[in-house]
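Knowing the structure of chain A, use the given hints to seat chain B with the ligands on it.
If you want the building blocks of each chain, they are given just below.
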Amino acid sequence: MTDPTANLLEIENLEVRFHGERTVHAINGLDLELKSGEVMTILGESGSGKSVTLKALLKLLPERRTAMSGSMTVGGIDVMALKGRALSDYRGKTVSMIFQEPALALDPVYTIGDQIAEAVMRHERVSKKDALARALDMLKRVRIPSPESRLKNYPHEMSGGMRQRAMIALALACKPDLLLADEPTTALDATVQIQVLLLLRELQKEFGMGIVFVTHDIGVAVEISDRIAVMYAGNIVEEGTVGEIIKDPRHPYTKGLLASNLHDADAGETLSSIPGSPPPLDVKPDHCSFAPRCAHAEERCLSALPPVFKPGPGRRVACILEEGRAPQRLGQRLPEPA
Amino acid sequence: MLAYTLQRLLYVIPVAFGVSVICFMLVHIAPGDPLTAVMPIDATAEQQAAMRAEYGFDKPLPVQFAIWFGNALQGDLGASIATGRSVSSEVSRAVGNTLILAFAASLIGFPLGIFFGFVAGIFKDTLIDRAVTAFAITGVSVPNYWLGIVLVVIFSVTLGWLPSTGAGPGGSTNWAWDFEHLRFIILPAVTLAVVPMGIVTRTVRALVGDILSQDFVGALRAKGLSQVGVLRHVVRNVTPTALSVVGLQLGYLLGGSILIETVFNWPGTGFLLSNAIFQRDLPLLQGTILVLALFFVFANLIVDLLQPLVDPRIKRG
Ligand SMILES: Nc1ncnc2c1ncn2[C@@H]1O[C@H](COP(=O)(O)OP(=O)(O)OP(=O)(O)O)[C@@H](O)[C@H]1O
Ligand SMILES: [Mg+2]
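Chains as they are written, first to last, in numbering that gives the first Met the number 0: chain A, 0 to 337; chain B, 0 to 316.
Since the hints were made in silico from the structure, they are not lab data. Yeah, the Cβ is synthetic: ideal placement off N, Cα and C, and Gly gets one too. No incorrect hints appear here.
Straight line, CA to CA, 25 Å or less: simulated DMTMM-like cross-link-like pairs of lysine to aspartate or glutamate:
(1) Lys174(A) to Glu9(A)
(2) Lys254(A) to Asp30(A)
(3) Lys92(A) to Asp214(B)
(4) Lys283(A) to Glu9(A)
(5) Lys54(A) to Asp124(B)
(6) Lys54(A) to Asp209(B)
(7) Lys174(A) to Asp214(B)
(8) Lys128(A) to Asp88(A)
(9) Lys151(A) to Asp310(B)
(10) Lys174(A) to Asp77(A)
(11) Lys92(A) to Glu123(A)
(12) Lys174(A) to Glu32(A)
(13) Lys283(A) to Asp30(A)
(14) Lys34(A) to Glu201(A)
(15) Lys139(A) to Glu123(A)
(16) Lys123(B) to Glu62(A)
(17) Lys151(A) to Asp214(B)
(18) Lys151(A) to Asp303(B)
(19) Lys54(A) to Asp214(B)
(20) Lys82(A) to Asp214(B)
(21) Lys54(A) to Asp225(A)
(22) Lys204(A) to Glu243(A)
(23) Lys82(A) to Asp124(B)
(24) Lys127(A) to Glu156(A)
(25) Lys174(A) to Asp113(A)
(26) Lys92(A) to Glu62(A)
(27) Lys54(A) to Glu37(A)
(28) Lys204(A) to Glu32(A)
(29) Lys283(A) to Glu297(A)
(30) Lys254(A) to Asp216(A)
(31) Lys127(A) to Asp310(B)
(32) Lys123(B) to Glu20(A)
(33) Lys139(A) to Glu201(A)
(34) Lys128(A) to Asp310(B)
Here are some chain B residues the structure puts well away from chain A; computed CB gaps all over 10 Å:
(35) Ala42
(36) Asp57
(37) Ala65
(38) Ala81
(39) Asp128
(40) Leu161
Bound conformation, chain A alone (with noise of 0.2 Å):
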């Protein structure tokens, strides 16, 4: 955090490959930046993996089930390193994370107070009188109301949004540099879903920690995020400011998501702007995944790795179609002449 043009994050060529009674091909060769202070939202399909790459960063994954590659680093931090001691004072300290469904990710029986308290025990040398006080103040920064009767509350006894101002008071409390933060606002009211995303976003400039933020609501994305990561079978198909996305989006599926979603509003439902469905991932992809579904798809499309291309800094798009337009590429292979 010392130096602001140093990236806080830095994910390179990331694998997650699962086996068990089936092989998934989760995360393949994922790169991903993100200074301190930035949000960046990772925006995708179910099962896309966008949640596996956010547990690949607490490594959370199943260690039995799952082989890991590449390297990931949080302020400098050698994740595929950390083990024992050393990754649980790093989880929760230096990244945590808000879940997905709040009433399924804290202990029913706990309460609140002490579920809060028990991170900061864990993470600082105070009292647990000290820490229930801090967990009183977090509780107040998250603006729950009548907050010291909060705190004696069981989540059984709240409402979906206030456990999920809860959670995100659980995960901000030891004053975390990077927040993962998958899909909180999915289970939520539409309203309450307004509240709680500018609650994070104005607590995000209180603290001023970086955001990996995860969504399948365009809507959203652009609500929370400075920049969004297009995510497709495991990979990052495009990259760009939150403008750039909406208003250029240049590879054939950000397109596609962008006109579902102005379609239905549901989002999570089937693309209707996007024929066939994800690749199944039981094997390393040799070839563009969404190659099958895309209406420009070209031969070559399906006989190697569409290159990267990097039109801009901090704005990549991994298609063919780039080819023409912008002369920088990084590509794994180099486009031949037709």
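Chain B with the ligands only, in chain A's frame:
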């Protein structure tokens, strides 16, 4: 809390009454004359009638029940037909012995069951889990009187380490917590503990596995808790359900086991019950069954009263 407790206590009254009716009826539904065992074979019809009147068996059933129930309320369960001794005192002595055996079996069965359940649940679907679960299931499936006999053959007959039957040296039935008496309780207690241990193991394993697969466990790790820290949460979550299973099993242990007490000649309620059955000793049978059934009722009551203390999700009135 007070309202809940009172409500739960009041609820015991109709249950206990129902239990009494059933105990009384069960014994009367069984075929055969209760007095044949004690009546002389050549008794005349008048003698038989006189005897029946003496025991009150000539009255209509509802009247018999009213008399029996009224007496039972005052702690008088009648006299044993076979021995003539008061059923209450016979039963209470047997209950004392069964309680001692149940206590010993609890000390063995519950801690082991909870421990094995946690180990299997934490290492679910690994070799450790499979070994522990196989052990638990074997315990539940093996007939325990057979296990009792096997233990006797090994530890009493072959090795000669432990006595095979009775509750004390020289056939004494007055229990004492000394080494001489404790030697007698080991084999029956172990035998009795096997089934509850197996059931508690299986239940706790399933509970722990279920809790560990829930989202909030990931969230606990995400906030930096160590394995031990996470386990503390698992314990708190598992306690309410584990408690009710232990409560039910406690009811089973308090009920005594006819087979085990008979195999080991342990002078408890099970032993008493089997004597009462074989001697067609109606008052003794009724009294014993009633007391055992009430044990179940009260074991459940205690669990229900404890539950809200450990599970905040249960409404406290
Ligand atoms: N623990 C796991 N074991 C095996 N496969 C998994 C596991 N977790 C995720 N997957 C698979 O990895 C792929 C990506 O899943 P992920 O949960 O990241 O999707 P997502 O983008 O978060 O979708 P959603 O919007 O539905 O939450 C899916 O095919 C999923 O089935
Ligand atoms: Mg997800």
